[in-house]
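Student: So you can see what is in the structure, the chains are spelled out below.
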Amino acid sequence: GAGVSQSPSNKVTEKGKDVELRCDPISGHTALYWYRQSLGQGLEFLIYFQGNSAPDKSGLPSDRFSAERTGGSVSTLTIQRTQQEDSAVYLCASSSDGMNTEAFFGQGTRLTVV
Amino acid sequence: GEDVEQSLFLSVREGDSSVINCTYTDSSSTYLYWYKQEPGAGLQLLTYIFSNMDMKQDQRLTVLLNKKDKHLSLRIADTQTGDSAIYFCAFRRTGGYNKLIFGAGTRLAVHP
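Listed in order, the protein sequences are those of chains A and B.
Counting along the first sequence from 1, when you hit position 92 you're at 92 in my numbering, and nothing is skipped either side.
Counting along the second sequence from 1, when you hit position 91 you're at 91 in my numbering, and nothing is skipped either side.
Keep in mind that the hints were calculated from the coordinates and are not lab data.
A virtual CB, placed ideally from N, CA and C, is assigned to each residue, including glycine.
Please note that a few of the clues may not be correct.
[Unchecked claim] Short, incomplete list of chain A residues facing chain B, as computed with Cβ under 10 Å:
#, residue
1, S7
2, S27
3, H29
4, A31
5, F45
6, Y48
7, N52
8, D56
9, A103
10, F105
11, Q107
Okay, chain B solo, but in the shape it has when bound (with noise of 0.2 Å):
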């Protein structure tokens, strides 16, 4: 949607690294999240950063954050033929609803 901002499409070479970028609008998001979802399966959290982070990092996952520039990205360590899937970015509307927008997704494609 407008609030959340992700190109739809990404193709890496199986062992690099993938980075997945998302820009939003919402100024007052506390908690940002990126959400995975695997061929014919629903969408699950992979992770999430709270607003006053610049990073976390989960094993190959790492999240950058920043607040100025309304910029997230997930980066992918060592991508997997595994990791194909999409991901959607999505934080959390405060005031009132706390209601989670998401982005439309990227498709992440791992090829050899």
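The shape of chain A in the complex, shown without the other chains (with noise of 0.2 Å):
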């Protein structure tokens, strides 16, 4: 596609219940980064997938957080019984390969757990 692309572009979820987030990167980028964008708080790194690479797993907050990357392409993260801490703004980014590659961003997915 044009961009990278995410849904849905807004969650709303009870709390316990899981949740799936979807991103659809630029075809052909290898690497597709998780973020987390709480109000009021920066920029909170999650996963990181490069090509074939094991992912870099090292900023998911816990062990309810998990991601996976399908055929190098669309990558779905996965909440499993949310909280409330849990609500933030979701973005997925990818980009190409290389030193300066630029990485383009999604809108992002607003969750809210209630």
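Combine both chains into one complex, guided by the hints.
Tutor: As structure tokens, then:
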């Protein structure tokens, strides 16, 4: 597609439910990032995929969070047993390989846990 | 994150210059970036500087890099209300992953 696409754009869920957030990166981009942006907080790194390498999961806040990237393209971020503190905007970005490549961001998914 | 530090908030008067500062820890960084996030939008690349440069100017934007102190700054001349946004500095960690590391972002508020 023309840009990074995230769905849904908004998600309201009940505490304790599982949610799946989807990211469609720009075609051909080998790198894919997930970030979380909470109200009044900064950008928090969650996970990074690069090609066929093992993902860097060092930013995932708990074992309730997981992500996968199928076929080197679409990625899904799953949050199990959601808590109110999970409420945030979840941003996905992709970039091509190389030393100086721009990361393109999606519009984000606003998750509200009630 | 702890690899990149930015102050969270800056308020300036319209027409004044804004200076947004960033410090980073990774001395191997080759490219350093400034991204801008306007209200309700995703992040967009604003400008970047290669590590062998001290300064880069692009219209109203001036990027200064002090490699010795690991300090990056973005100066916006003649700040306008349309410059109100969150500004993120970032660097690309070299070796292995080439992962982009972002600061937490500085919210710039421009008032009349």
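Student: Does each hint hold? Answer for all of them.
Tutor: Right, here's what the structure says about each hint:
Taking 10 Å as the C-beta cut-off, the interface hint given for S7(A) is violated, the closest approach to chain B being about 14 Å. With 10 Å as the threshold, the beta carbon of S27(A) stays out of range of chain B, its nearest partner Cβ sitting at about 18 Å, so the hint is violated. Against a cut-off of 10 Å between C-beta atoms, the interface hint on H29(A) is violated, since the closest Cβ of chain B lies about 12 Å away. Satisfaction of the interface hint for A31(A) is found here, the shortest Cβ-Cβ separation to chain B being roughly 8 Å, below the 10 Å cut-off.
The criterion of a C-beta within 10 Å of any C-beta in chain B is met by F45(A), whose closest approach is roughly 6 Å, and the hint holds. Because the beta carbon of Y48(A) sits about 5 Å from the nearest beta carbon in chain B, less than 10 Å, this interface hint is met. Contact between N52(A) and chain B, as hinted, is not supported at the beta carbon level, the nearest pair being about 13 Å apart and thus beyond 10 Å. The interface hint given for D56(A) is met, as the beta carbon of that residue sits about 6 Å from the closest beta carbon of chain B, less than 10 Å.
Among the interface hints, the one on A103(A) holds; its C-beta lies about 5 Å from the nearest C-beta in chain B, closer than the 10 Å criterion. The closest approach between the C-beta of F105(A) and any C-beta of chain B is roughly 4 Å, which is under the 10 Å cut-off, so the hint is satisfied. A hinted interface residue such as Q107(A) counts as satisfied when its beta carbon comes closer than 10 Å to some beta carbon of chain B; here the least separation is about 5 Å, so the hint holds.
Violation of the numbered hints given earlier is confined to hints 1, 2, 3 and 7; the remaining hints are satisfied by the structure.
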